[in-house]
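Generate coordinates for the entire structure from the input sequences, incorporating the hints supplied.
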Amino acid sequence: MGPKALMIAAFAVTTMVCLGIAQTAKPPADKWEAPADAAAKPNPEAQNPDAPAVGRKLYMRTCVGCHEEDGSGKDTGAANLRSSEVQSQSDGALFWKVSNGNTAAGMPSFASLPETDRWDVVTFLRTLKDSSDKGSPGSGGKKEGAPPSRQNHRL
Amino acid sequence: MPKLLPCLLLLVLALPACAQEDAPYFVTYDHHLEEPGNLELEMNSTTGVPRSGQRAYIAPFAELQYGVNRWWTSELYLEGQSTAGDSTIFTGWRLESRFRPLAAEHAINPVFYLEYENINEASRIQKEIVGKAPLDFEPNSELRQAHAHELEAKLILSSDVNHWNIAENFIVERNLSQEEGFEFGYALATSRRLTQSVSPHPCRLCRENFVAGVEFYGGVGSTKSLGLQQTAHYAAPVLAWAISDKSTLSLSPAMGLTRYSNPVLLRVGYSYEIRGFRNKLRKLFRSH
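These protein sequence lines map, in sequence, to chains A and B. Position one of the first sequence corresponds to residue 1 (our numbering), numbered consecutively onward. Position one of the second sequence corresponds to residue 1001 (our numbering), numbered consecutively onward.
Since the hints were made in silico from the structure, they are not lab data. Mixed in with the good hints, there may be bad ones.
As the list claims (entries may be wrong) - Straight-line Cα separation of at most 27 Å, DSS-like style, residue types lysine-lysine; simulated pairs:
#1 B:Lys1246 <-> A:Lys129
#2 B:Lys1246 <-> B:Lys1283
#3 A:Lys129 <-> B:Lys1283
Computed from a prediction, not measured in an experiment: that's the story for all the values here.
Right under this line is the structure:
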């Protein structure tokens, strides 16, 4: 086997190993829910008039790549943040999810952001509420091919 | 340089993982991949100010970076080169993939990088510096005849630490067209946003939209002759400005640290992100 063939074989094997490692990643849990005490936490930024504007900037910096500008995630396949399934959750629950993430389902942890920034993001998320949504949990913002449980563990 | 690496690693291990930042690097890679289904279009250029007796050049290149899924980003490069008093030519293409095996954030996040290059010896983009040989300065008409099929692998280690990104790349390259042995190189970088505070008011020319840092990169010889003799090394401050929510302008003047380096390499880049590209493409084809 010549050096060229050896290199191509090494390239192929390394690629397969990388793919294999990635494929064995832990599958997403069926349900992604915040603990009751975390969900009950009040939002200290809820009354801050600047919080939605600051939260929007942080959202545009860190979340928009997956959830899109309007929060719908319709073109990226990420959770629909406008849906009643997301909007019916408490600020504390959303804060917990932003902080802890669900990496198996593709949602990173943003625990590294200052706590106030994370609350500002949650406050901004409330401004995304879908006006066309009828309010029944799981009914709004359903994406093509993505059942509610799939969306739920991604935010 | 050998003393710098343990210090960086120690720093990374000693501090907790921190915020994600968009790194402004031109040569060094960090662990942040493109979001799945998104396409990033980049136009970059490397302008070389060579030593006396050599000709200045500009090497533009286009990058199409696509997030295949959350652990795999693929990228296509198309590159060219124009030399003062000579000609403008197409110098080839590169296809690379980056794999991130660990999805969660860790103190050190590894990424595996594999690249195939189909270029010629007139290539000047200098996306990585490896081995020893300085750039050839024969006419483009001669250089373009010498084709190089190369494979390159990198181990990327990157960390987000207290609002800083720290990245280390270890590079090995093999030219399949001629026997040069395995060539080695490195790239080290760190960067941070100029301010962590976020203003509630809209602004573009404010510090929160700038990320600054510094890169060090160079070659460390090959299996035929390992060492720092006759190698090129650069120190490069980098600055990136988010000019909109989807586009970034980057600048990096790299200073050559050895007599085998160009005295100055000026790198300029513009990137634009198309979010949800995959689904937009699907819809486009479904509608016809």
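Next item on the list: With a cut-off of 27 Å on the C-alpha distance, tell me whether lysine 129 of chain A and lysine 1283 of chain B pass.
Entry: holds, 25 Å
Task: Straight-line alpha-carbon gap lysine 1246 of chain B to lysine 129 of chain A, limit 27 Å - done: holds, 23 Å
Measure nothing beyond the straight line between the CA atoms of lysine 1246 of chain B and lysine 1283 of chain B; if it is 27 Å or shorter, mark the hint as holding.
holds, 21 Å
Every hint from the earlier list agrees with this structure, and none is contradicted.
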